[in-house]
Each structure stands twice: as structure tokens, then as C-alpha cells.
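Please model the entire structure based on the sequences and the hints provided.
Spelled out from the first residue to the last, the chains are:
There are 2 protein chains.
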Amino acid sequence: MPRPDPAEVFELTEAGQVTSPTQQTHFASRYVDGSTIDWLREEAAERERTHVQRSQYGVRGLLLPWFDAVQMWLVVILTGVGIGLTGGWLDVLVKWLGDLREGRCSYGFFYNQVACCSGVTPGEACLEWRTWSEFLGVRVILAQSLLHSFVYVSLAVAFAGSAAVLVKSYAPYAFHTGIPEIKAILGGYVLTSFLTPWTLLIKALGLALAVASGLSLGKEGPLVHVSCCMAYLLSRFFKQFRNSEAQQRKLLAAAAAAGVSVAFGSPLGGVLFGLEELDTFANESEVMWRGFVASAVAAVSLQWVNPFGTSKLVLFQVTNGSDTWRAFELIPWVGLGVFGGVLGSLLIKLNVEAALYRRNNALHEWPVLEVVGASAITAAISYLIVFSRVQASELVANLFQECDPTKIDYHGLCNPSAMWENVFLLILTAALKVLLTAWTFGMMVPAGIFLPTIAIGACLGRAVGLLTQGLQRAYPSAWIFLSCPPDPSVRCVSPGFYAVIGASAMLGGVTRMTISLVIILFELTGALSHVLPIMISVMISKWVGDAIGKDGGIYAVWIAMRGYPWLPPVDFHDKGETGAQLMRPVERLVVIEDDRETVADLAGMLNDHDFHGFPVVHRHEFLGFITRDKLRLAITPLLAEDATSGRPRRCVFSQRSPCNPEEAVDLTGLLEEAVLHLRQEVPKELVVSMFQKLNLRQIIFTSGGKLRGMVTKTDVVALLTCNFPHTGALPSGPRRAWE
Amino acid sequence: MPRPDPAEVFELTEAGQVTSPTQQTHFASRYVDGSTIDWLREEAAERERTHVQRSQYGVRGLLLPWFDAVQMWLVVILTGVGIGLTGGWLDVLVKWLGDLREGRCSYGFFYNQVACCSGVTPGEACLEWRTWSEFLGVRVILAQSLLHSFVYVSLAVAFAGSAAVLVKSYAPYAFHTGIPEIKAILGGYVLTSFLTPWTLLIKALGLALAVASGLSLGKEGPLVHVSCCMAYLLSRFFKQFRNSEAQQRKLLAAAAAAGVSVAFGSPLGGVLFGLEELDTFANESEVMWRGFVASAVAAVSLQWVNPFGTSKLVLFQVTNGSDTWRAFELIPWVGLGVFGGVLGSLLIKLNVEAALYRRNNALHEWPVLEVVGASAITAAISYLIVFSRVQASELVANLFQECDPTKIDYHGLCNPSAMWENVFLLILTAALKVLLTAWTFGMMVPAGIFLPTIAIGACLGRAVGLLTQGLQRAYPSAWIFLSCPPDPSVRCVSPGFYAVIGASAMLGGVTRMTISLVIILFELTGALSHVLPIMISVMISKWVGDAIGKDGGIYAVWIAMRGYPWLPPVDFHDKGETGAQLMRPVERLVVIEDDRETVADLAGMLNDHDFHGFPVVHRHEFLGFITRDKLRLAITPLLAEDATSGRPRRCVFSQRSPCNPEEAVDLTGLLEEAVLHLRQEVPKELVVSMFQKLNLRQIIFTSGGKLRGMVTKTDVVALLTCNFPHTGALPSGPRRAWE
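In order, the protein sequences belong to chains A and B.
Here the first sequence is numbered in full-length UniProt numbering, starting from 1 and rising by one per residue.
Here the second sequence is numbered in full-length UniProt numbering, starting from 1 and rising by one per residue.
A hint or two may mislead.
Note that the list lumps identical chains together, so a pair holds whenever it fits in one copy or between two copies.
[What the hints assert, rightly or not] Pairs of lysine-lysine, BS3-like flavour, derived with a Cα cap of 25 Å:
# : residue 1 : residue 2
1 : 575       : 239
2 : 168       : 630
3 : 239       : 630
4 : 349       : 630
It should be emphasised that the hints constitute simulated quantities derived from the structure, not laboratory data.
For clarity, every value in this text was computed on a predicted model and none was experimentally measured.
The structure is reproduced here in C-alpha cells:
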């Protein structure tokens, strides 16, 4: 059986370009939202396209592939530049909105506090920046205090409320973090409405408002989503991406890496995130390469905007990073690792409970009201507790800082006599943030979970650091502290670094990432000399987290709750079952019989069933697999011919049936080229691992040439997520969540 | 057809334990050196083993899997500790041997210079360390000079010669870097003699001697080899690893990561190296996890030994790492990237030519003499050129250093008036090192290529940095330098950092690694703020290198020259061919016919052909695949029975043939469970990518149930390496290279 002529298949995949309205419809609806793409088929189409290009004669044959490459790199680089600039300007916007909650610049409304005071020499008081009470001329202390808290809370509510209104009215997919959806999309899920220009705009704007409102959320995940929207938007200008879902996904993977790169100022972290979290990367070095470039470009662009005025990428610079550490410190650090694993699992559990409660409650009909209420409560609590009044990123930066007598002490954190107060306040802040974050992550605003997690971990870590330091100062001669320098004025324990360890442990517990996390933390803090303790704490917290809840981290939990067809990269172990137990046996399959069914029969079959393809057999013998779309495209004209001629023709799929053109149509060329068969005795776990590694949509089981059954991706996803009790609890995307 | 009883298969794989001598032979020779393991089969055996364990009743069923895990982690951790300590002590040994070439400690022969002078307060002259002329009381300048050069060269020759003698006499596999072999082994190649305890000992000892001799080689690759030998040695104590080549390879991957971690003091780099260079990692998070732990443990152990007395892991600390960089500097850096790509390809080419010349020449009969000659020449040249007289690592450390008026100037490198002399010397050093390295890498001593490459790149980078600095100082007001601080006393261009960039570019060109390289350089230098320029230079040099020579880096070239069955992770693109063009058609296959061949026929078949397995058909219809070893194991007793009874029996492989025990034996249970079939119309590139992703040994092509052909890993390797002209030029391991 010859391979179909490449030009023919090319026609087919390019059919979207043909102006015939029926064909247009066919191809526009090639994948509807909620379906899964067929990687093998997509790649075959892409292969045919490049073959056609290369087989062109003369200059055209040379230039066409080159144009393709140029277009691809153009999209990658523009996405990098775009997300770098967007990220930078969002930071500026958030800073301005955040500062607006405390006061305004006397000579211009649109200056933030830093810009407003940039003319003042360091050390002098900045008179140009006025708090609201100064600006409005309120002099009574009580009135000042009331005014401040009123403005603080009401602006928070206004920001959060408008973010929620924007999201609800214009782009419902712009809520939440977006990373679960991106993981699902990169795995082959189709969700076009998640990547529209509107979503891009609303998510970016809503994100700035939500972060500025002081809700317990971060900008990291949403920035990845924004980056993917950009890449999608740019890719729509080029035919090669419009026509190939696979090519598009490779771009999206690079865009996601660029998003992480900007979110954390961590270009390497972006690439590693792509490698570890987005499986698309691991398979092709070419894709990793694009991610590398996109990350680097994005970081350069971000550095060019220079939102923090430090001309550095390192966000939370750890001072005295060159300090060495002592062996006894491993004890509190291991403790923090264990604690991070436990608390991380608890946070995931609370978050799931909150999501389920919201869903099963009247609340889900009033998402904006919920956001307003939550932001009011958050603002009120934050205003009362001194550490959480500032932006979470500022809090983290201060917690990571070592005490330095030459610098201003942050709310008395370095006062050795106030140790117990500080520890109490830090633990209180962490506990409140756990509750607030568990509720906030899932509300109708763009929200990332990274920054709150870092903040919680940093509070706890700093508390442990303060306790260790106190212990060491109280008993400097205990044998465990003998490795400390004898001079009491030299610092032995660095509580700031304990905050970094706490943050890594907490992140490990919540996201269950490993290497990319270490790299991100590393680039975030510049604490190169402390890479080992960071690695150890991440390792331990992941171990503990995985031991407590076999959920695979917060993103895997949300993917499962949404019911996306995403294969978790777990090592599945069967108990001796074979593929035969997993497959849908042939009796329960809808099968096309060679040389038996008429064109009209097949049309009826297409109407009756919405499977994405059908196995073709000849008296139980497996001939091949045909996809729904190819079949529909092929029989639509034949159906019309049969209707006019009045003679129904049989459909023939193999050379062995004689094919008289009067009585039969030859559809042999429609069979998929790449179909995997296995024997049904194959172990179940091998079937699962093939789906994981090859991104398959189905595997056919044959035995001695006879069709025995079939397994689809959906079956495997169901198998892998059956342990999680709330699988599919928030079905069919966010829209249903409040409609 | 029921799946065979797990216990039965377990019996089979455990047969190596049975004391029967014939069975023992079978299993000892299950894989001979030079063959390839079958991953699917290995994993199936492992699966059966764990099933048997878990299905045990009572405490045994609980404890056995737990013991397995404990054993595994024990090996991982012990390997980490072992390689960390070994690496640390090797450094100490090398330092002592290297210092011995210049003098000795007056109060103890076994102290190196640093240890000898440790009692002296900084700033004072160290009188305890005596050069040879001081020690021997030579006072005439000329005689001193002659004595020094004589000792320098003759000790170099002695060290290198004894390394070569050790390697040649005791462990021929201990020569070269070892990374190509490890990549091949991790891909499934069997080369047990590469991992023996003798190889471990000789490689470690020889490495110290070779490095101390001042030959142009590094310790990085060989340390990875040593680490793998350790893991192999430790794993032999546990049955689960002895019986499973796949499990062993997973351990080796972790060990390799630990080796890199120790070689560069770069625990994250080790994990990343595993991820990027050793494909085994990408497939299983569990394996990556082990690499993570092994790397961390190894780094902690190394830090505990503290060979450099700095109690830091960062080997070549870049001072003033917090300096920002200016946009115009991208021009020289991009230039360095391009240059690194070109020079890297050139170095690979020269190295290949040198290897071929050695092979086709009388030289290969006198490997020790060659090493002696090369070390004499290297030592003589190095002694004359001031920059290369010290160990390469010391040179690199000095080149990476910024000029600091408070520190001692390294050979006038910071003297602004001697710019041209310095540039000339640096370029000369680099050029000589290229030639020496191209020759040395492949001689009969343990030799890594990382450090020489870094040294070459650092020389060139520093030269470019000096030129740029000179240009900026000469024309400080040119528009391109306007971003520099106006005060001429403030440094604008940091030549030390140019050396780092040069090193990364050169490494990118030679190894074609990307992310792991950036991370390693990063941990090596601590230059966190300069991650972007490093990324960019690595990117560009890889692009340029790949454009010039499609060889995939030095390791891939050596694998191809050796002819190891390793699948390069390239993106293969066909020109429209299908699997039919790649497969060996059924007419040229050796096939077992169901119910036709007698036991004796099969035994004869096993003797006549050395294929690792045979397809089984029933009148052209494909039934399954049977491996050579299973078949041999099964028919050996049957053959004896038939010989005694005198009645030859037929072999039956499917239920459809009636199986009368008098006339036939049922071998149905021997068919492999996991066999992949595809249609022969499947595109060639999909077949290749399946081999790459699933680590297959063969794929069967069927059509309508009939066997059409088969593709094996060897065919795919031949396809992928056909572009490289010297494939298999140094066949069958190192032994043949000189015998």
C-alpha cells in the first residue's frame, strides 16, 4: 500500500485556506474546545508540509523553509520582548497603585513614592511624598489614623472589585493562575478561549489591580498565562502556526519559560521550569532551545525596563551571601523542610476544600461580591498586623535581609530584646496568610500562588532563625554551638537565610517542584553559597509532601479538579494487570467493517458517535485507524454524489476487496499512517508509560492480526487520577463555576 | 492467552542464583560485553520481581520492598560520599604532586606548598617552602634555572609515564575521559569491563598522576567515570542490581551526576548534566531524584574534605561579580561566542584527525612512549611560556580574577602598558593549548577535556577583554563608550569576566551542551549577575558549532568513532521515506515458524545466528517475538529430553495449533509480552523518534496481521550516524586501539 502523495495530504491540511464554505467549516472546527489534539497526526501533517516546501524547485525551495524559521524565531523573540516589557511595566503600575493606598506625590499624581522622592538626597526626609492625611490637611491623630485605614481598605476593595468585574464581564478565563490550563494545553488539550487577546488584556490589567489590592496572591502564574496569550496572538499571524496545533504548542512552551523568567527575574529558572513542569520540553531539544532564547530575551527586556531601579535581575538580594554555614544549622533546616512539606499539603487541602465549598454554595453566583468581601477582610487584617501591611514582595525582601546596624531596622525585626514578640508576630502572619491564600487562590481574580507561599515560608523560616539565634546567644558555650566564632559580636546564625530556607521548603511542599525551584530561588536571592541547604530543604519538603498527600502538588490537584485530560508524570505501577484489563474490548468499540458499510452508513455512524476516530477491520482483522475529521471530509462529497446517483456505494479500505468504481469507493489512503499496536498481554504500566512518553491519543490491541480492543488517553487519565477524591469536581472550565 | 505466572518469570530472572552450573552460565552470559540491553524486557523482569515481593504475605510483604528502597538509597548515598571524598583527596594529591615539581617543604616531604606555609602570617615570605635549588644549595643562577627546568620536565615525564604504564598494564579501559562510554552504557550498551574495581583504582590514581604531570587535560570526565565505577562496585553487593541491568543503569545515572557535582563543585550542574546529556534522566523523575540526592551528598562530602582550604564550593570565584555590564559589551561577547563555536569545531576536528593518525600509525603500538614524549614536549613548552607553567586550574582562576591593586599582579597581567604583550602571550598560550589538547585527549592516560577547553577559552576571552579595555581607555569619549562612568579611575570593562565568557563560548563549541553548561559555569564562578551574557555566548557558540560541523559535540564524535550503539538525541527528519525503507524485510529475517520447527531446529538456529531474538509467525501471521536467551534457556532441557527419547518434538507458540505433549512442546509463555508493532507506512522519522524516546531494541512491522519486517536499534544508529565520515573508525573499545 503506497504512502499517500504528500501533495494530496498537504491539500488536505491546507484546506482551511480554500474559500469553499463547507470545507472552511470542516477545518475551523477541526478541534473544538475541550477536545485533545492528536500529536502523531499533527506531526505527520507538519512533516508533509515541510516535505512539500523542500521539494519545491529553485529559490522557492530554499527560501520557504528559511521563511518558516524566521517566522518562528520572530514569534519567539517578540514574545520574549513583549512579556519582558509587560512584566516590567506591570511592576511599575503595581508599585504606583500600591503606593496610592498610602498617599500621593505632591507634584504629580502619576509618580510612585520612589519616583517622587528620586530627587531627594538619601538620608533626608522626602517632603514631596504626602500621606493622605498630610495631603488633605488632617491633623488630629485619631482622624489621621481613621483616614489612613479607610483609604487603605477602600482602595483595596476598589482595586480587587474592579479586577473581579473586569474578569467576570470580559474574560472569564482570566481568573486564577492559569498554570493548570497551560499544562493541560501543552499536553494536547484544546482551549482556544483561554488564549484570546481579550484574556491577555484583562489578565494583565486585572493582575495589576489584584496585586495592588493587597490580596494574598502573586503575579507569577498569571504572568506565564499572559506570556502564552502573547505567543498565541503573535502566532496567529503566520499560517504555519494557525494550521498546526503541535507547532503552536511548541511556541507556547517557550512562552511559558519566558513568563517564568520575567516573573522571578530568573532566565535559567524559566528554562528549568519548562523542563521539569511542562513535559513538552523534555522530548525535543529544539523546543528547549526556543525556551532558552525566549527566557534570555525576556530577561534582557525586563532589565531594560528596570522596574525596581536596581538594574539587576536579582529581586530579593540576600546580603552577606558569602557567609558560610555550620553543620548544626542542618537541624533547624531539616525541621523547616519537614514543616514545609506538612504545611504545603495542608495548604493544598484547605485550598481544595475552599474551592469545593465555593462551588456548592450560593457564593458561586456572586463572584464579585466574594472578591470584594475577601479583599476587605484581607485589607483590614493586613492593616492591623504590621508585617503584612506592605506588599508581600516587600515583606519577603525584608525577611530575606540580614540585620545590618547601618540600615533601618524593619519594624524592629532586628531588636534582640523583642525576639518573642517577633516570633509570635511572624507565626501569626504566616498562619493568617495560609488561611487567606487558601481562600484567595481560586477566586474570580488573576492570582498566583508562588509569592504568598514564599511569604508564608519566609515568615516561618525567619521565626525559626530568630529562635535558633536566640538559643545560640543564650548558650554560646553549648557543645552544639562550638563551631560558632567565639567572638559574640560576630554573627553566627543568619536569620535572613533561614527565611530563604523556609520559603524553599514551603514552595517545595506546595508545588512539589525540585530543580527548577532551587534554580529559581537561587536566581531570586543570589545565595549561591547556600545552594546545598536550599537543595536539602526542597528535597525534604517534597518527600514529606508526597508522603502525606499523593496529589502531586497544587497544579496537579487543580488539573484533576477541572478534569482536564492531562497525564500526570507519575510512575504508575500496576499490580500485575495487563493491557487487556485496561482496554475497551472490541465488542464495545464502534468499528468500521471493510467493504460492508455504505457511504451513508458511515455518515450515520459519524452522527451517532462523537469518538475522534474509528478502527477499521476486515472480518476481525485490523486494517487501520481512521480519524473522524478525515472521514467526514472524504465522505461529504461522496454522500452528495450517492444522493444524486441514487446508488449507494460501499467503502473499501484495503486492496484485498475488489473495488469496482460503480459499487465501491476506495478510502485506503485515509487510514492513519502511524498507529501503534500492542499485544493485549502487555503490562498495564507499559501502556501508561507509552501514553506518557509519546503523547498518544490511542493504542490498538491486536493479537495475531485481529483487533482485540483499544485504549484512549481518557481511559489512562481516569486510571491515573482515580486516587484523588475530587476528580472533576469543578468540571468543564471556569465558566460553569459561576453560571 | 494468559499472562505467565509472575512467580515463574521471577524464577527465570532469578536463575542466576540457582547453583546449577549450566543455568549459571546462561545467566552470567545473559548480556556479553558489546551487546545492548533490552529495556522493555528488563523493566518487565523488574516489575515481576516487585509484584512477587508485594504479593508476599505478612511482614515479609511489607519489609521486602522497604529493604529494596533502603538498599537503593544506601548505594546512592554511599556513592555520593565516596566520590566526594575521592574527589577531595585527589585534589590534595594533585596539589602535592604538582608542587613537588617546584620544590619541597623543609619540615616534611608530604606537605604541599599551602600546607607547608600555613603557619606563616600573610604578607610574610614563606621560608619553610624551598625550591629545589634552595633545597640542594645551588646558587649559580644558570644552574638553578637548568635544575628547575630539569626537575619540572623530568617529574612531568615520570608522572605521565607511570600513569600510562598503570593504565596499559592493569586497566586499559581507564584511559580517556569515559563520558562517551558512560553515555553509551546508560543508553543500554553493555561494557562491564569498563566498570571494574581495577578500573576504578587505576583511573583515580592515573588521573592524579596525569593531572599533576601538567599534560593538557582535566579531571572532570574521568571523575564521572570513577563515580560510576563506585556505584557499580557498591551495587554488586545487592541482588536487585546484580540481576537487573536497567536498575543498575539508573544508579549509574545518579552516580554520573554526583561525579559532575564533585568535578566542578556544582551540585545543580550535576543534576542538569544528567538531565541534558544523559537521556536516561528525562524519562523518569525517580532517576532525576536520585541524581539530585547523590549530587547533594557528594558536594557536602567534598566541602567537608575542603581540599582548597576555602570551605567553599565555588572553585573560580569571580570577584566583583556584582558589577553591572553595558550594552556595547555584547559586541565582543557575541564575537567570542562565534569564535568559540568555530574554534570548538576546529578542536574536535583536530582531535579526530589525531586519533585517526594514532590509529593508523606505528604509534599505537607504543602508547607509553607516546605519553612520555607528549608529556616531555608539553612540559618543555609550558615551562617556557609563563602563563602555562602553573596548573591549568590555577591559570583559569587567575584569568577569571579582576585586577585589584591590593593584590599581587599575576605575571604582569594587569599592567596596562603591557597590553599588547599580554594579548600576544594569551593568544599564543591558547593556540598551543588547542594543539596539545587535540593530541592529548585520546592518549593512554585518563584525560578530561573540560578544563583545557576552559583554559583556552579563558585565555582568548581575557585577550579580547584586554583589547576592549584598551580601546575604551584610548577613546573614552567615543559614542559607543558613553555608557561607561565618566570617571576614568572607575573600571568600565572587566577583562576577568570576558575570560568567563570566553570559557563558556569555548565549552559550548566543544561539548554543545547548553543549560547544564550555564549552570556549571555559574556555580563554578559565582557570577550570578552575569547569567545573561553567559547564556548568550553559550547559545551563539552552539549555533555556530552546529552550523559548521553537524557532529553533535566531542562526546558524540567519540561515540561514533568507537561505534557504540548509542542513539544521538538529534531531531531526525526524513525526506518522505517510510518505515518500509528502513526495515529489514521479512524475506531477509530469520523467522521461527509456529508448529513446524523441532527443538533441534531451534537449537541449530541459535547456533547459526547471533541475533538477540526472533519473530515467531504462523503462516506469515505474526505471533510474537522471542529473545535468544529465553529460548536457549527453555530448549536446553528439552533438547536433552528429545535426545534421550529419540523423538524430536515440534515447538508450538500459539493455542491454535493442537499441542499433543508427545509430539510438541508448548512455548507460548516464552513470547515477549511487550512488542511494538507498527504499519510499514509509518514515516521513518516517527520510527526513529520511537527508538529515541522508548529506548527500544526492535520494532516489528505488520500489515493486516502479517509480518512485513523488523527494525533494530543497530539499523537506527547506522542511519543517524551515517553523516559522520569516521563512524566506527576506532572499533570495539580501546583495547584494539593499541593491540
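Each hint, compared with the structure:
| no. | hint | in the structure |
| --- | --- | --- |
| 1 | 575 - 239 | between (47 Å within a copy, 22 Å between copies) |
| 2 | 168 - 630 | neither (38 Å within a copy, 64 Å between copies) |
| 3 | 239 - 630 | within (20 Å within a copy, 53 Å between copies) |
| 4 | 349 - 630 | neither (44 Å within a copy, 49 Å between copies) |
In this structure, the hints that do not hold are numbers 2 and 4, in rising order.
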